[in-house]
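Trainee: Starting from the structure of chain E, add chain C where the hints point.
2 protein chains.
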Amino acid sequence: MTISSFNPPLRTLMGPGPSDVHPRVLAAMARPTVGHLDPAFIGMMDEVKSLLQYAFQTDNALTFPISAPGSAGMESCFANLVEPGDKVIVCINGVFGLRMKENVERCGGVAIVVEDDWGCSVDAHKVEDALKANPDTKIVAFVQAETSTGVHTDPLILCKLATRYGALSLVDAVTALAGVPVLVDDWGADAVYAGTQKCLSCVPGLSPVTFSERALDKIRKRSSKVQSWFLDLNLIMGYWGEGATRAYHHTAPVNALYALHESLVMLQEEGLENAWHRHAKMHLGLKAGLEAMGLEFAVDEMYRLPQLNAVKIPDGVDDAALRKRALERYGLEIGAGLGAFAGKIWRIGLMGQSATPRNILLCLSTLETLLSQANVKVESGKAVDAAQKILF
Amino acid sequence: MTISSFNPPLRTLMGPGPSDVHPRVLAAMARPTVGHLDPAFIGMMDEVKSLLQYAFQTDNALTFPISAPGSAGMESCFANLVEPGDKVIVCINGVFGLRMKENVERCGGVAIVVEDDWGCSVDAHKVEDALKANPDTKIVAFVQAETSTGVHTDPLILCKLATRYGALSLVDAVTALAGVPVLVDDWGADAVYAGTQKCLSCVPGLSPVTFSERALDKIRKRSSKVQSWFLDLNLIMGYWGEGATRAYHHTAPVNALYALHESLVMLQEEGLENAWHRHAKMHLGLKAGLEAMGLEFAVDEMYRLPQLNAVKIPDGVDDAALRKRALERYGLEIGAGLGAFAGKIWRIGLMGQSATPRNILLCLSTLETLLSQANVKVESGKAVDAAQKILF
Numbered sequence: 001m002t003i004s005s006f007n008p009p010l011r012t013l014m015g016p017g018p019s020d021v022h023p024r025v026l027a028a029m030a031r032p033t034v035g036h037l038d039p040a041f042i043g044m045m046d047e048v049k050s051l052l053q054y055a056f057q058t059d060n061a062l063t064f065p066i067s068a069p070g071s072a073g074m075e076s077c078f079a080n081l082v083e084p085g086d087k088v089i090v091c092i093n094g095v096f097g098l099r100m101k102e103n104v105e106r107c108g109g110v111a112i113v114v115e116d117d118w119g120c121s122v123d124a125h126k127v128e129d130a131l132k133a134n135p136d137t138k139i140v141a142f143v144q145a146e147t148s149t150g151v152h153t154d155p156l157i158l159c160k161l162a163t164r165y166g167a168l169s170l171v172d173a174v175t176a177l178a179g180v181p182v183l184v185d186d187w188g189a190d191a192v193y194a195g196t197q198k199c200l201s202c203v204p205g206l207s208p209v210t211f212s213e214r215a216l217d218k219i220r221k222r223s224s225k226v227q228s229w230f231l232d233l234n235l236i237m238g239y240w241g242e243g244a245t246r247a248y249h250h251t252a253p254v255n256a257l258y259a260l261h262e263s264l265v266m267l268q269e270e271g272l273e274n275a276w277h278r279h280a281k282m283h284l285g286l287k288a289g290l291e292a293m294g295l296e297f298a299v300d301e302m303y304r305l306p307q308l309n310a311v312k313i314p315d316g317v318d319d320a321a322l323r324k325r326a327l328e329r330y331g332l333e334i335g336a337g338l339g340a341f342a343g344k345i346w347r348i349g350l351m352g353q354s355a356t357p358r359n360i361l362l363c364l365s366t367l368e369t370l371l372s373q374a375n376v377k378v379e380s381g382k383a384v385d386a387a388q389k390i391l392f
Numbered sequence: 001m002t003i004s005s006f007n008p009p010l011r012t013l014m015g016p017g018p019s020d021v022h023p024r025v026l027a028a029m030a031r032p033t034v035g036h037l038d039p040a041f042i043g044m045m046d047e048v049k050s051l052l053q054y055a056f057q058t059d060n061a062l063t064f065p066i067s068a069p070g071s072a073g074m075e076s077c078f079a080n081l082v083e084p085g086d087k088v089i090v091c092i093n094g095v096f097g098l099r100m101k102e103n104v105e106r107c108g109g110v111a112i113v114v115e116d117d118w119g120c121s122v123d124a125h126k127v128e129d130a131l132k133a134n135p136d137t138k139i140v141a142f143v144q145a146e147t148s149t150g151v152h153t154d155p156l157i158l159c160k161l162a163t164r165y166g167a168l169s170l171v172d173a174v175t176a177l178a179g180v181p182v183l184v185d186d187w188g189a190d191a192v193y194a195g196t197q198k199c200l201s202c203v204p205g206l207s208p209v210t211f212s213e214r215a216l217d218k219i220r221k222r223s224s225k226v227q228s229w230f231l232d233l234n235l236i237m238g239y240w241g242e243g244a245t246r247a248y249h250h251t252a253p254v255n256a257l258y259a260l261h262e263s264l265v266m267l268q269e270e271g272l273e274n275a276w277h278r279h280a281k282m283h284l285g286l287k288a289g290l291e292a293m294g295l296e297f298a299v300d301e302m303y304r305l306p307q308l309n310a311v312k313i314p315d316g317v318d319d320a321a322l323r324k325r326a327l328e329r330y331g332l333e334i335g336a337g338l339g340a341f342a343g344k345i346w347r348i349g350l351m352g353q354s355a356t357p358r359n360i361l362l363c364l365s366t367l368e369t370l371l372s373q374a375n376v377k378v379e380s381g382k383a384v385d386a387a388q389k390i391l392f
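Protein chains in written order, with the UniProt record's numbering: chain E, 1 to 392; chain C, 1 to 392.
If we strip away everything but chain E, and leave its shape as in the complex, we get (with noise of 0.2 Å):
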């Protein structure tokens, strides 16, 4: 058998990530491939270092991308900070912090689950309780922005509660870094993990992450090695650390952190509010549209995410089978439910460059079509006219 060069189709992405990867980055990503410890190539991750502690808007000298996805850099936080025995808060209110669970237990710490309804956000209220309950929690862990429901769960509370109760907070920022606020400093956040290819539209396969001094601290003085050596910052410090000799850890994924930068200098010549207002903006664009279409959200509106918009199946819709002729007809890829609300919502990303008009009157007309050929009664061009009037 004889297998060709491989011609990806074109899509337009607009699930839960990858989002839409502007060309400056893919050209960026395709530039000569320097040594990883080459003086130019150091430089450049100071710089990455730079940008990535503007979009975390922290001073967290420990700030840098973990070499693999977000998954990854969930396991680097928990895996880093968790020793056994230690009991952890963990906050589920869908697939991540599920996801969070796992992580506790497999690093032989005791999870303690405070849970909500998948849809709803985290209850501050229940962490507190839990907090009462349990003097001795060293880590209160929660997913700001949920990818498998859509919501938004703010986290200055939570990880003020943290503090006062002597746990330090870990944030999953995965699908929040860039779309909404994720205020490291100001919300005293301890080990805060994200993602390259939702907001920050960058290709997938890094993940970004920022460690306070009380996090830093821990690690420090852990009396067991962390059972990763890939993701052990003890040893990860050598290399990406402040002032570090820049010892040979792995090799650094060179090709994707040339992408990982240009993305961070688009976001700074944009600058970061502009990209929360745009992310908002794209959101109420969206929703007119979907609303004038008849279509309902999943997550009440307090909590929604701008960046990840879940919305219900109307009934009698097949759902594998829109999504597919969604792909296959106009290039466009809408998210498919995860766990608990497999097959009853569709997850609609409006991250980074997918934010745009210009997808949006994409997917709504696309979305007119296919569910009036599937018998839903759509009155024709009312979506798009919706959206209009609120993108221009």
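In case anyone wonders, no lab produced these hints; they're calculated from the structure. Because the structure is a prediction, the values reported are computed rather than measured. No residue lacks a Cβ here, since even glycine has one placed at the ideal position from N, Cα and C. Do not rely on the hints blindly, as some may be mistaken.
Said to hold, decoys possible - Chain E regions said to be covered by chain C (calculated; three or more residues, Cβ under 8 Å):
#1 10–22
#2 29–39
#3 47–59
#4 64–71
#5 146–155
#6 192–204
#7 256–267
Mentor: Showing chain C alone in chain E's frame:
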């Protein structure tokens, strides 16, 4: 502070990896991102698996790239195969054997070390003695191509020994794959990991792995969960496995996989045997040139890796200063020594696209010039002449 786009300098990469990346691979990586569950992408994943089976010379169904660099590939083998208390024979003859020991211990295993001098091959007699002394050994782990020393260890006898004594064999082929024969099925190797940035000449960031049925059997029958969620093959098989439902596990590094696909297509075009021959021939050319210059290898001829040449630094030469000059003036990267070999050797890589007459001639004439300037007696032009005779 405003940070601009990063434009890397043009380098010739003749260190221990990354190696030069062909423009075809860079161009493939810059193709438009699609979703990690897109049917077109799933089709490409299947091709990557087939191409990796070819590169590894195996029919193992579970043959795929880990979404992180080689050190995560190493960890995926140990974290999945080692259960707490398992005895693992670890052969150490350089940096990467040491790293294997770290992995075993962090997984709760008991490492039985078989040590050989840096610059020497693994002694199979010692391994058999260790197996006799420890009949309950579960795994024999060793490095085929020690990137820190340039030493080759033939895996055939070590894999057969492991099998005979009822243990699994675990092979580091990071620098070996596509540079020297890696014959997974002929050897009966049970778990093998490799890197993309060495003789495959792809960008760094992925780690091809392959597991035998015996290895999978041990993983499926584990009594404890794999300590890493991200690297748990029981979960990853749902995305990459044979006949898998392609269930979401983590977001695959889509564009890096485009690059790997293209580099494997190029390997298929060249032919695996031809690639081995090219590496061997280029090594002989470089060797002739280096010896004509009076330089000596740090490794006995019979154990030398063609793709990684450990060369003794002549007395009185300032290692760091010379490498810096080579990089700045000639854009040539050659590798420093690691660990016990730091300051004593250079590591000159001839991997993948870097294994070309053009690179060899640049390297020889650069070394000739810089060594002369460092007052090492070198006869002008002799090295290049000696190399030319073999290369053309």
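Trainee: Give a verdict on every hint.
Mentor: Against the structure, the hints come out as follows:
1. 10–22: As far as the segment 10–22 of chain E goes, the hint holds, because 8 residues have Cβ atoms under 8 Å from chain C.
2. 29–39: holds (count 10)
3. 47–59: holds (count 3)
4. 64–71: holds (count 5)
5. 146–155: With 0 residues closer than 8 Å to chain C, the segment 146–155 of chain E misses the three-residue bar; violated.
6. 192–204: holds (count 4)
7. 256–267: It holds, with 7 qualifying residues against the three required.
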